[in-house]
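Number of protein chains: 2
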Amino acid sequence: MPDHANDELIRKLTTALGKSGVLTDPADRMAYESDWRGRYAGNAICVILPRSTQEVAQAVALCAAAGASIVPQGGRTGLVGGAIPLAGEVVFSLERISALRSIDPLGMTMAVDAGMTLGAARAHAARHQLDLPVLIGSEGSAQIGGIIATNAGGSNVLRHGMTRQRVTGLEVVLPDGRVWDGMRPVAKDNTGYALQQVFIGSEGTLGIVTGAVLQLVPAPKSVLTAFCPVASIDAALSLLVKLRSSLPDALVAFEYMNAATVALISDQRPELAAALALPGGPSACLLIEAEDFTGTEATQDRLHDALVSGLERGEITDALLAQSVAQREAFWAFREAISFAQNGLGHSVKNDVSVPIGSIPELLTRGSALIAGICADAQPICYGHLGDGNIHFNVSPASRDHADALRACEPAINAALADLAEGLGGSFSAEHGVGQAKRDSLARLRAGPELEMMRRIKSALDPQGLMNPGKLL
Amino acid sequence: MPDHANDELIRKLTTALGKSGVLTDPADRMAYESDWRGRYAGNAICVILPRSTQEVAQAVALCAAAGASIVPQGGRTGLVGGAIPLAGEVVFSLERISALRSIDPLGMTMAVDAGMTLGAARAHAARHQLDLPVLIGSEGSAQIGGIIATNAGGSNVLRHGMTRQRVTGLEVVLPDGRVWDGMRPVAKDNTGYALQQVFIGSEGTLGIVTGAVLQLVPAPKSVLTAFCPVASIDAALSLLVKLRSSLPDALVAFEYMNAATVALISDQRPELAAALALPGGPSACLLIEAEDFTGTEATQDRLHDALVSGLERGEITDALLAQSVAQREAFWAFREAISFAQNGLGHSVKNDVSVPIGSIPELLTRGSALIAGICADAQPICYGHLGDGNIHFNVSPASRDHADALRACEPAINAALADLAEGLGGSFSAEHGVGQAKRDSLARLRAGPELEMMRRIKSALDPQGLMNPGKLL
Numbered sequence: 051m052p053d054h055a056n057d058e059l060i061r062k063l064t065t066a067l068g069k070s071g072v073l074t075d076p077a078d079r080m081a082y083e084s085d086w087r088g089r090y091a092g093n094a095i096c097v098i099l100p101r102s103t104q105e106v107a108q109a110v111a112l113c114a115a116a117g118a119s120i121v122p123q124g125g126r127t128g129l130v131g132g133a134i135p136l137a138g139e140v141v142f143s144l145e146r147i148s149a150l151r152s153i154d155p156l157g158m159t160m161a162v163d164a165g166m167t168l169g170a171a172r173a174h175a176a177r178h179q180l181d182l183p184v185l186i187g188s189e190g191s192a193q194i195g196g197i198i199a200t201n202a203g204g205s206n207v208l209r210h211g212m213t214r215q216r217v218t219g220l221e222v223v224l225p226d227g228r229v230w231d232g233m234r235p236v237a238k239d240n241t242g243y244a245l246q247q248v249f250i251g252s253e254g255t256l257g258i259v260t261g262a263v264l265q266l267v268p269a270p271k272s273v274l275t276a277f278c279p280v281a282s283i284d285a286a287l288s289l290l291v292k293l294r295s296s297l298p299d300a301l302v303a304f305e306y307m308n309a310a311t312v313a314l315i316s317d318q319r320p321e322l323a324a325a326l327a328l329p330g331g332p333s334a335c336l337l338i339e340a341e342d343f344t345g346t347e348a349t350q351d352r353l354h355d356a357l358v359s360g361l362e363r364g365e366i367t368d369a370l371l372a373q374s375v376a377q378r379e380a381f382w383a384f385r386e387a388i389s390f391a392q393n394g395l396g397h398s399v400k401n402d403v404s405v406p407i408g409s410i411p412e413l414l415t416r417g418s419a420l421i422a423g424i425c426a427d428a429q430p431i432c433y434g435h436l437g438d439g440n441i442h443f444n445v446s447p448a449s450r451d452h453a454d455a456l457r458a459c460e461p462a463i464n465a466a467l468a469d470l471a472e473g474l475g476g477s478f479s480a481e482h483g484v485g486q487a488k489r490d491s492l493a494r495l496r497a498g499p500e501l502e503m504m505r506r507i508k509s510a511l512d513p514q515g516l517m518n519p520g521k522l523l
Numbered sequence: 051m052p053d054h055a056n057d058e059l060i061r062k063l064t065t066a067l068g069k070s071g072v073l074t075d076p077a078d079r080m081a082y083e084s085d086w087r088g089r090y091a092g093n094a095i096c097v098i099l100p101r102s103t104q105e106v107a108q109a110v111a112l113c114a115a116a117g118a119s120i121v122p123q124g125g126r127t128g129l130v131g132g133a134i135p136l137a138g139e140v141v142f143s144l145e146r147i148s149a150l151r152s153i154d155p156l157g158m159t160m161a162v163d164a165g166m167t168l169g170a171a172r173a174h175a176a177r178h179q180l181d182l183p184v185l186i187g188s189e190g191s192a193q194i195g196g197i198i199a200t201n202a203g204g205s206n207v208l209r210h211g212m213t214r215q216r217v218t219g220l221e222v223v224l225p226d227g228r229v230w231d232g233m234r235p236v237a238k239d240n241t242g243y244a245l246q247q248v249f250i251g252s253e254g255t256l257g258i259v260t261g262a263v264l265q266l267v268p269a270p271k272s273v274l275t276a277f278c279p280v281a282s283i284d285a286a287l288s289l290l291v292k293l294r295s296s297l298p299d300a301l302v303a304f305e306y307m308n309a310a311t312v313a314l315i316s317d318q319r320p321e322l323a324a325a326l327a328l329p330g331g332p333s334a335c336l337l338i339e340a341e342d343f344t345g346t347e348a349t350q351d352r353l354h355d356a357l358v359s360g361l362e363r364g365e366i367t368d369a370l371l372a373q374s375v376a377q378r379e380a381f382w383a384f385r386e387a388i389s390f391a392q393n394g395l396g397h398s399v400k401n402d403v404s405v406p407i408g409s410i411p412e413l414l415t416r417g418s419a420l421i422a423g424i425c426a427d428a429q430p431i432c433y434g435h436l437g438d439g440n441i442h443f444n445v446s447p448a449s450r451d452h453a454d455a456l457r458a459c460e461p462a463i464n465a466a467l468a469d470l471a472e473g474l475g476g477s478f479s480a481e482h483g484v485g486q487a488k489r490d491s492l493a494r495l496r497a498g499p500e501l502e503m504m505r506r507i508k509s510a511l512d513p514q515g516l517m518n519p520g521k522l523l
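Chains as they are written, first to last, in this note's numbering: chain W, 51 to 523; chain V, 51 to 523.
Please keep in mind that the hints were generated in silico from the structure rather than gathered at the bench.
Each hint should be verified, as a subset may be incorrect.
Straight-line distance between alpha carbons at most 27 Å, and here's what the computed BS3-like set of lysine-lysine pairs gives [as the list claims (entries may be wrong)]:
| id | chain 1 | residue 1 | chain 2 | residue 2 |
| --- | --- | --- | --- | --- |
| 1 | V | Lys271 | W | Lys292 |
| 2 | W | Lys271 | W | Lys292 |
| 3 | V | Lys508 | W | Lys508 |
| 4 | V | Lys292 | V | Lys271 |
| 5 | W | Lys62 | V | Lys271 |
| 6 | V | Lys508 | W | Lys271 |
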């Protein structure tokens with residue numbers, strides 16, 4: 051838009067939201083214009099900080115009237131640049147719309163504003179011995195609106211499903227500024243097309259989620275956590291099958307890290323490795339978690355027996371069982387250090403693929419070979435949610451000196467891994483979404499009726515095409 | 051369409067599908083033109099029985115070219131007339147497309163043709179110690195395509211969610227005859243809009259589901275079933291809360307029947323009541339089910355203790371624990387006899403509403419008062435899935451003599467109960483869907499942006515408006 055039109059829009063937004071609700075100074079905007087990895091950055095006309103759904107609706111109507119594009123933004127913890135402006139949009143940060151609306155312990159639901167962090171929502175639930183079971187490392191920053199817009203996954207999907215399964219109702223400001231109140235707090239509602247499902251995972255391209263009703267679950271009495279060096283990926287799968295059959299009602303996490311991942315963290319964060327006192331050199335490891343609702347030793351005994359059997363069969367070479375909350379946190383700190391440890395090598399390539407579980411060994415073997423063929427001084431950093439077939443197939447340079455070489459290979463690596471996952475019956479983006487990063491893959495791998503239906507839905511619900519342009523489609 | 055156009059279409063369909071694939075004789079068509087209750091009936095141009103996805107696609111293309119409307123049809127077990135023709139459509143019965151495509155025990159998924167019955171799919175899963183946990187009384191007839199098109203609920207939604215949560219991939223013949231192959235066997239796939247979620251629950255108005263990939267779960271080692279006369283609805287809720295907290299990982303069903311329901315079955319099917327040897331006169335009853343994965347007595351002990359506490363508090367007045375598979379089946383036979391027992395009184399009004407669980411007592415009290423005010427000689431037959439807030443708020447005449455009086459009151463009763471449920475924050479159709487029966491309620495209670503978005507999606511995906519006209523929207 052021409053500058054004077056921008057000025058006019060900013061003036062109207064300021065009238066509607068007040069001066070503190072509209073950031074125009076580049077220094078104030080900066081934090082909202084890039085992601086935490088410094089990978090995506092753009093320039094917004096302005097960043098607005100509405101204080102209510104009504105203010106969001108007013109601001110959207112003003113943008114629509116001016117033909118200005120809109121970028122909805124949560125905690126900016128995404129990995130595909132979906133919430134970062136390109137150039138010339140109005141960024142809608144939801145951070146000031148963060149209240150608990152209500153909580154119903156009997157119905158096990160909570161109604162929250164979209165700007166509440168996941169961590170805050172979980173804390174509210176915990177006061178009623180309930181949980182919002184979405185386990186992601188960024189819960190302190192990630193917002194409810196963001197995890198809904200991206201259909202966040204995490205470490206307990208094995209047991210509790212994706213964010214999609216936690217949502218019973220939504221409030222959405224539509225691209226014309228009207229508010230859709232779909233805040234129904236019931237799990238069963240077969241009344242026409244599943245509109246909320248269309249918005250979940252739509253990455254801000256169809257509207258702005260301003261509120262949600264979330265289905266909670268009973269909090270377990272205790273959580274059992276084990277950290278195990280594992281002999282091979284086949285051994286890991288064999289153990290998974292045994293655990294699934296011996297405690298299918300209790301197993302919530304089955305996380306895998308390949309040997310290179312363990313070595314990387316041990317190298318970059320030796321204090322985390324020391325806390326685990328891992329025996330011998332780095333090997334691939336598993337982080338396993340089970341929930342107990344019995345309040346007895348029964349679940350712990352079942353987990354213990356299954357791990358002892360795994361040791362006897364040689365599937366795992368050791369089994370550390372967390373003896374305290376602090377030790378459990380040390381296990382998870384190791385797991386969650388991976389992203390930052392990768393950043394320490396100057397450049398990291400992120401891929402987030404899923405395949406049927408039985409195809410994981412083939413994915414790892416063939417994927418590593420493909421990468422070796424594309425980029426000589428690169429190492430696959432593979433880890434993720436083995437229990438549900440989701441591997442973060444990342445790549446780091448062998449050292450900081452090789453970061454530029456890896457950067458040059460990134461598009462070829464991404465395409466090769468996307469094709470491989472899809473060829474194995476899986477998905478080129480399991481939980482991170484499409485955003486800016488995977489648009490090419492979406493256009494290429496979903497071409498035909500699938501992409502066409504998505505485009506038709508986009509046109510149907512955002513006919514002006516103002517919502518988060520340049521993302522997803 | 052004029053007769054000669056119909057004849058021409060029938061000729062082309064016969065060329066494509068063969069003579070046995072196209073039913074034109076009224077006597078042959080009849081079974082496909084009405085539902086099992088005899089409530090909905092229409093007239094189709096013809097009924098076709100394609101043998102493959104490719105034949106469905108061919109036939110859809112022929113209908114689209116001729117401008118003929120299409121009614122997709124599964125097992126015709128629906129309760130809202132969604133799969134029954136009105137007049138002049140082509141009925142697509144999927145019954146001949148019923149093969150198991152593949153099953154992956156490691157990934158716990160199965161790929162099936164849409165015409166396979168739910169019961170057959172569950173039997174295939176059971177051979178691998180897995181289950182497709184959708185528990186509905188009609189599993190012997192209901193087809194996979196039908197439970198997907200209606201997002202079927204059932205008696206274990208409390209634990210396993212709706213059919214929506216069981217689907218990882220779909221194959222759909224689109225309204226222009228193209229085939230969308232979305233048969234991805236992975237639970238995590240964040241690649242654009244959730245198209246499969248749009249088709250799930252769309253009641254055949256957007257396309258024809260011809261195949262699905264379904265997420266299975268480990269089959270429990272055993273199932274524990276209890277049948278308990280309960281003091282009141284408040285007592286039932288109190289017991290539910292205790293059970294949820296003492297065995298949240300195991301509780302799969304918590305079914306309620308009011309005293310009138312129990313009396314109706316005892317009257318119409320005395321042999322079923324005798325098998326239960328219910329003490330005293332009919333009172334409201336609960337059917338409770340828990341799964342055991344431990345292979346020990348631990349779960350049974352927890353259930354037993356919880357029921358003994360319920361007896362001591364006076365919440366339940368007795369507790370029958372099934373001691374055999376035959377006894378478990380007798381409990382469920384009693385529960386599943388309700389629909390047929392209602393038919394025995396000449397006319398039954400069916401409503402299927404959900405509210406937040408804490409509002410169930412208010413729903414029952416106010417709903418019964420509303421019905422009494424509308425129709426003097428009617429009795430509320432209330433039962434359903436109390437554990438997830440879903441009550442089948444049905445109404446029967448006091449006796450066969452009052453059937454006509456009740457029939458006249460049906461629209462007023464339906465409107466009153468729909469308004470009541472929505473006013474309590476719930477839904478006018480929890481699991482049965484909209485079909486022909488609840489179109490008025492959808493148009494009235496979802497008016498505004500919600501209905502408008504549905505219409506836009508319909509136009510976007512079925513621009514000719516040929517798919518299942520007169521249903522849902």
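Hint check results:
The hinted pair formed by lysine 271 of chain V and lysine 292 of chain W meets the criterion: a straight-line CA distance of about 15 Å does not exceed 27 Å. Our distance criterion of 27 Å between C-alpha atoms is met by lysine 271 of chain W and lysine 292 of chain W, whose separation comes to about 24 Å. Using a Cα cut-off of 27 Å, the hinted pair lysine 508 of chain V and lysine 508 of chain W holds, with the two alpha carbons roughly 13 Å apart. For the suggested pair lysine 292 of chain V and lysine 271 of chain V, the alpha carbons sit about 24 Å apart, so the restraint of at most 27 Å is met.
With a C-alpha separation of about 65 Å, the suggested pair lysine 62 of chain W and lysine 271 of chain V falls outside the 27 Å cut-off, and the hint is violated. Restraint check for lysine 508 of chain V and lysine 271 of chain W: not satisfied, since their Cα atoms lie roughly 46 Å apart, outside the 27 Å limit.
The structure shown violates the earlier hints numbered 5 and 6.
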